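So the sequence lines, in the order shown, correspond to chains A and B. Residue numbers are given in my numbering: position 48 of the first sequence equals residue 80, and the series is strictly consecutive. Residue numbers are given in my numbering: position 261 of the second sequence equals residue 494, and the series is strictly consecutive.
Simulated from the structure, these hints should not be mistaken for laboratory data. Every value quoted in this text rests on a predicted model; they were computed, and no experiment measured them. Accuracy of the hints is not assured; some may be wrong.
[Said to hold, decoys possible] Cross-link-like lysine-lysine pairs, in silico, DSBU-like; alpha carbons within 35 Å at most:
#, chain 1, residue 1, chain 2, residue 2
1, A, Lys-65, B, Lys-314
2, B, Lys-599, B, Lys-626
3, A, Lys-65, B, Lys-395
Take a look at the letters that make up each chain.
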Amino acid sequence: MLMEEFVRHSGIAAPILRGNVDTDAIIPSREMKRVSKLGLGEGLFAGWRYLTQETRNPDPQFVLNQDAYRGASILLSGPNFGCGSSREHAVWALKEFGIRAIIAPGFGSIFANNCVRNGVLALEMGDAEIKRIADWVALDAQRNRVLIDLPAQVVEAADVSFPFSVDPGAKRMLVEGLDAIALTQTRWQQISAFHEQRKQLRPWLY
Amino acid sequence: MGLSLFEKLWQEHRVERQDDATDLIYIDRVFLHERTGSIALSSLQADGRDVFYPQQVFCCMDHIVDTYPERSDETTMPSGKDFIVATRSHTRAAGITLFDLDDPRQGIVHVVSPEQGIVQPGMTLVCPDSHTCTQGALGALAWGIGSSEAEHALATKTLRVKKPRTMRVHFDGSLALGVSAKDMILHLIATHGANGGSGYAVEFTGQAVSELDMEARMTLCNMAVEFSAFTGLIAPDEKTVAFLQGRPYAPVGEAWQQAADYWRQLVSDADSIYDCELRVDCTSLEPQVTWGTSPQHATGISGAVPAPGDVDTLERAGREKALAYMDLQVGEPIAGKMLDAAFIGSCTNSRISDLRLAASVLKGRKVAPGLRAICVPGSMLVKAQAEAEGLDKVFIEAGFEWRASGCSMCFFAGGEHFGFQQRVISTTNRNFESRQGPETRTHLASPVMVAASAVRGCITDPREFL
Ligand code: SF4
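This is chain A alone, in the form it adopts within the complex (with noise of 0.2 Å):
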């Protein structure tokens, strides 16, 4: 199974400009309700998106409800996003939704690893360039687009060009978007090597 690559994106950015963002937030678990990856965008940030939950009824103050950052591709956010529970499904929803990239001063370590596997890019930025950004996006979201160019490691917007450091290992993974099983399966005989000798060092755990 390919990944979709991540290489140049440009799109609209929204803030939700607040730490420790958890995926019990961006994803409630009431939610989840198939098993499946799938059919989760509806369910994003529901508890923030709608006003009452059985009838979905869209709250006007949250981001994501507001003309002014329709078609949003890219989140702005505050330290420790995607803290909380290894949900996997953050990370689909999100997908589904349509967001691309995530800037955040910091991320949950396992929702960082779940974004690599899904083609997201979790992207970290000290607060106060977030801050700039989202300064500038305010003025006119639809207009006021932000580049990332992740093979570069930048972000462009409002005329100034943000550098930005990534794992050099998850940049590939995204950049040529990677399966990780297989790439790992072309290891096979080291696997199977390892294997074998730690079933003579260790017998108790066979």
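Could you slot chain B with the ligand onto chain A? The hints should help.
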């Protein structure tokens, strides 16, 4: 320079270094549960991939199952049955050991694994569940992963992992009466932030940690993920070895000797260097309770709700939202806040020692009128043990509901919940918005504080009952 325990375990499991700072790490055991495991297994099957070594894969039914005494595959969670049925058929097809609903060993994955002796010192263990770090209490390298990574571990018995940095948190001194591992970890997170451990594998050391029994160590490691750590870890000692002896999956005979000798060597070298070291003095630590919607929003029981204050701006926004959500005023004392419900359960605090402590407070007392109180043992074996000791009667006579095992109302999955904007004191690990029900307001605390608060009907210092 010596090696830390984490470094030793990492090296022992490294199959090879990838070109890019990432290592290919061998995984000894995988745990699954019906919530995320069902999806990992069905996706693996859809891609035509097999589970490489199913003898080392285990699965629990815990997240979606009901905890009513008479339960079946039908659950209060919408479409919950689909997950249960799918998990049963996928695990059977793959040859994976399943602790099913009717199994006397059924329970919450991070309770069942140590209880059965499946997690052991020195091994790597992963599970698509963030609280897998609980099992680091036994000196294993255990961490939570996503579903795709679970597929990777199942298919290849390895994971590609970026090596975390190392941190040591040294807990000095002894705990006072009424103060527990839950208070240690809440205090640590409150002091250093919910992302204080981000990017680190954290080893817990010090007198207060050595003095904890094994179950309390699990409580401590359980919330390493709420500190955003890669995992939490405690070096095995004689308590660890004694804990494992005679457990169903522990080695026996000569293999036991061999294993125990190896486990005893698993300590950090005296001259090992960590990327970060923190110290916490436990002598003056008081019982902790959270006031907000992140585990870092915790205070001592004699404290008050803090002002959003001069923390950085994004942080401040979060605190302001938390105060509004929790319906609390800046400066109001946290003790005395009126409650609607009390919950004892979850992989943090639902083991037999937790139930004994709570029961010691509840014995001969009643929960406050109108307060809903629920106790959910962490496994059916914990429940049976509690019943053998007569603890069930203590809970029931005090006015608690006495349930079968599962995650239950630790998280709201669309089924049973505490109710709109209800204020709950809970032994769980997450006080996130709507975690326990629609806009439910959760205060995290230890089992003794939850029991004491249930009796008074408001947030209460447990030391008044000891
Ligand atoms: S008890 Fe709660 S935290 Fe623990 S595994 Fe279950 S849902 Fe997760």
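Practice item. Starting from Lys-65 (chain A), check that the Cα of Lys-395 (chain B) is at most 35 Å away, please. Key: Status holds; Cα separation ~32 Å.
Original post:
Between Lys-599 (chain B) and Lys-626 (chain B), does the CA-CA distance stay at or below 35 Å?
Top reply: holds (12 Å)
When you check the alpha-carbon spacing of Lys-65 (chain A) and Lys-314 (chain B), does it fall within 35 Å?
-> holds (10 Å)
Hint violations for this structure: none, all hints satisfied.
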